[in-house]
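Protein chains in written order, with my numbering: chain A, 1297 to 1625; chain B, 1297 to 1625.
Quick caveat, the hints were computed from the structure, so don't treat them as lab data. Heads up, some of the hints might be wrong.
Unchecked claim - Straight-line C-alpha distance at most 30 angstroms; calculated DSS-like pairs for lysine-lysine:
1) A:K1348 x A:K1596
2) A:K1584 x B:K1447
3) A:K1423 x B:K1447
4) B:K1513 x B:K1524
5) A:K1372 x B:K1447
6) A:K1584 x B:K1423
7) B:K1447 x A:K1447
8) A:K1447 x B:K1584
9) A:K1447 x B:K1423
10) A:K1447 x B:K1372
Claimed, not checked - Quick look at which bits of chain A chain B covers, simulated, 3 or more residues with Cβ under 8 angstroms:
11) 1423–1431
12) 1445–1454
13) 1457–1470
14) 1544–1554
Said to hold, decoys possible - Taking beta-carbon pairs under 10 angstroms as the criterion, some of the chain A residues facing chain B (in silico):
15) P1370
16) G1440
17) G1474
18) C1476
19) G1477
20) N1582
21) E1589
Keep in mind that this is a model prediction, so the values were computed, not measured. Ideal Cβ positions, reconstructed from N, Cα and C, are used throughout, including at glycine.
There are 2 protein chains.
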Amino acid sequence: MARQCIGIDLGGTLIKFGLLDEEGNPGKPFDLPTPQGGGDAVVQQMIDGARKLMEKHKLARSDVAAVGVGSPGPLKMSEGIILATPNIPGMVNIPISAMISAALGIPMVLENDANAAGFGEYVALQKTGIRHMVFLTLGTGVGGGIVVDGKVVRGAHDIGAELGHMIVQPCGEPCNCGQCGCLERYASATFMSLRAQRMVQDGAPSSLQETLKHKGKINSKDINEARKAGDALAKKVWDEAAMYLGIACVNIARMLDPDRIVLGGGLANAGDDILLPVREHFHRMNWKITPPETAVVLAKLGNDAGFIGAAGVAWQAYREGSIQCLLLP
Amino acid sequence: MARQCIGIDLGGTLIKFGLLDEEGNPGKPFDLPTPQGGGDAVVQQMIDGARKLMEKHKLARSDVAAVGVGSPGPLKMSEGIILATPNIPGMVNIPISAMISAALGIPMVLENDANAAGFGEYVALQKTGIRHMVFLTLGTGVGGGIVVDGKVVRGAHDIGAELGHMIVQPCGEPCNCGQCGCLERYASATFMSLRAQRMVQDGAPSSLQETLKHKGKINSKDINEARKAGDALAKKVWDEAAMYLGIACVNIARMLDPDRIVLGGGLANAGDDILLPVREHFHRMNWKITPPETAVVLAKLGNDAGFIGAAGVAWQAYREGSIQCLLLP
Chain A
1297 MARQCIGIDL GGTLIKFGLL DEEGNPGKPF DLPTPQGGGD AVVQQMIDGA RKLMEKHKLA
1357 RSDVAAVGVG SPGPLKMSEG IILATPNIPG MVNIPISAMI SAALGIPMVL ENDANAAGFG
1417 EYVALQKTGI RHMVFLTLGT GVGGGIVVDG KVVRGAHDIG AELGHMIVQP CGEPCNCGQC
1477 GCLERYASAT FMSLRAQRMV QDGAPSSLQE TLKHKGKINS KDINEARKAG DALAKKVWDE
1537 AAMYLGIACV NIARMLDPDR IVLGGGLANA GDDILLPVRE HFHRMNWKIT PPETAVVLAK
1597 LGNDAGFIGA AGVAWQAYRE GSIQCLLLP
Chain B
1297 MARQCIGIDL GGTLIKFGLL DEEGNPGKPF DLPTPQGGGD AVVQQMIDGA RKLMEKHKLA
1357 RSDVAAVGVG SPGPLKMSEG IILATPNIPG MVNIPISAMI SAALGIPMVL ENDANAAGFG
1417 EYVALQKTGI RHMVFLTLGT GVGGGIVVDG KVVRGAHDIG AELGHMIVQP CGEPCNCGQC
1477 GCLERYASAT FMSLRAQRMV QDGAPSSLQE TLKHKGKINS KDINEARKAG DALAKKVWDE
1537 AAMYLGIACV NIARMLDPDR IVLGGGLANA GDDILLPVRE HFHRMNWKIT PPETAVVLAK
1597 LGNDAGFIGA AGVAWQAYRE GSIQCLLLP
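Pulled out of the complex, with its shape left as it was, chain A reads as follows (with noise of 0.2 angstroms):
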């Protein structure tokens, strides 16, 4: 078997590992759930899996180039230390880093979860030569990871590429982040649904009343739906959504000028759905000066963009020579 990286994505419910060889193909991933218990019995859970994951494949270790971790943050992602995971507990000041690359003998690199998503979205779209990709995740909120030429913009505080809180609108709606009209208060898949539910219970004439009124609460889909099937409020907040979307890759556009934007998550999954309705604001609004060089499509990978992009991640320290974590036992 080739040389692999074994790549790990680390989630609050379910921890995710799989194989990228040194060309970009990544193994049949399998998952473990995240233990509740603290931030050792997570980190032992993440060995445990590498270790069952290379006897499954029959690696050696020194079959395995170097482990790539994609987690939750914030991070120290230079040094290799998970600083909180507000979605799992315990997990404070964990030097990951150092704990999994002891315990395996194989160099660890750390790398933010929406970041090490987008960066496998690149890994899957090296076939097209392309250099530059900014990634947004709309999911429970909006996310994002950009690659300027074929590398992860980490920024200088480890906190760069955090596009849901893009200002979209001066004195905007309120975000917890403290800012006023971020991208994530208009088209994460949880604030869409709470908009239409405010909207609905505020007494706004709509099929959706009926949702409300039946499951308790309004999720995207059911949006969707009622949009589709002519809902005038549903139009107006998906529609709302989307130009926010235009407005965000229009700046994208402007600041990194990336072959690609890539929508995935789990508002994603609507396909077409979101993707014409973004393209379409995002054509009308953009610069007349060039003709629409950045594409906007859907993302490939759905939930194995994490591992493949964190293995990816670690391929590429390993190539440099700038892994983190040497200290082998």
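Starting from the known structure of chain A, arrange chain B on it as the hints suggest.
Frame of chain A; chain B shown alone:
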């Protein structure tokens, strides 16, 4: 004399020539007028200026590592071609890198003028160890330059860092570029003046009524002076520009997380009068999740940024061996 790169800053009125040594120390530059008689005359003036600079400093061909040219665009940077320069007649499809490197026997790198000025400010920050910087130039328009991890971000189609055309106001003021609500329409010296002039012509009470009657127009200095003397309209226009620049700074911080956002161009000559309000809006609107890591500061180099940055980009390309035109005669 230590080895040098030559920096050439091509402007509509003047061409500036100067040296930059390996440690990032610039020499004293000089200007030659920009010929208005077509592309060949402009290129010849650039060649003559470079030769004059070498003679003045007694530099042999082998003492010069490379030449960098900062030019208005659009450009094909990777191919070293100036496609057009709206403010210099006759510059259409000029293979400038090939022409200059053949004439001088020294390889040449072509860079966008705003990117070059941004990289100049980055060179000036090098003793601080900074690797991530965004430059905003506030003049006739609003331009930009982005440095990520020590390298200029050009984008996939050489049209990145067009920071003046970020949309900061959905459905805002229409821009010549075809977009609406561009930063440039609120925060450039030109458009700030136009906005004030429009309000004054519409009869808004302001001390600028007198200025307009007297001078036939209002410029950004007039607005700043009226503002400091307590004029409400002037205060509103100035503060609005600062507010939109604050939004731009938030969005830059969220996307790229730079160490510094550097304000340059004519409007930045107002010094603290523009810096402090921009900072205030930035800090007020910025998220509260982390302390404000990105510092907003004034540019240091004034009109020298362009030649220093062009030479800096040449040094970088020389060191990387990625210089575009090695077709020596």
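Hint check:
| no. | hint | result |
| --- | --- | --- |
| 1 | A:K1348 x A:K1596 | holds, 27 angstroms |
| 2 | A:K1584 x B:K1447 | holds, 28 angstroms |
| 3 | A:K1423 x B:K1447 | holds, 25 angstroms |
| 4 | B:K1513 x B:K1524 | holds, 19 angstroms |
| 5 | A:K1372 x B:K1447 | holds, 22 angstroms |
| 6 | A:K1584 x B:K1423 | violated, 40 angstroms |
| 7 | B:K1447 x A:K1447 | holds, 12 angstroms |
| 8 | A:K1447 x B:K1584 | holds, 28 angstroms |
| 9 | A:K1447 x B:K1423 | holds, 25 angstroms |
| 10 | A:K1447 x B:K1372 | holds, 22 angstroms |
| 11 | 1423–1431 | holds (count 3) |
| 12 | 1445–1454 | holds (count 8) |
| 13 | 1457–1470 | holds (count 9) |
| 14 | 1544–1554 | holds (count 8) |
| 15 | P1370 | holds, 8 angstroms |
| 16 | G1440 | holds, 8 angstroms |
| 17 | G1474 | holds, 3 angstroms |
| 18 | C1476 | holds, 7 angstroms |
| 19 | G1477 | holds, 9 angstroms |
| 20 | N1582 | holds, 7 angstroms |
| 21 | E1589 | holds, 4 angstroms |
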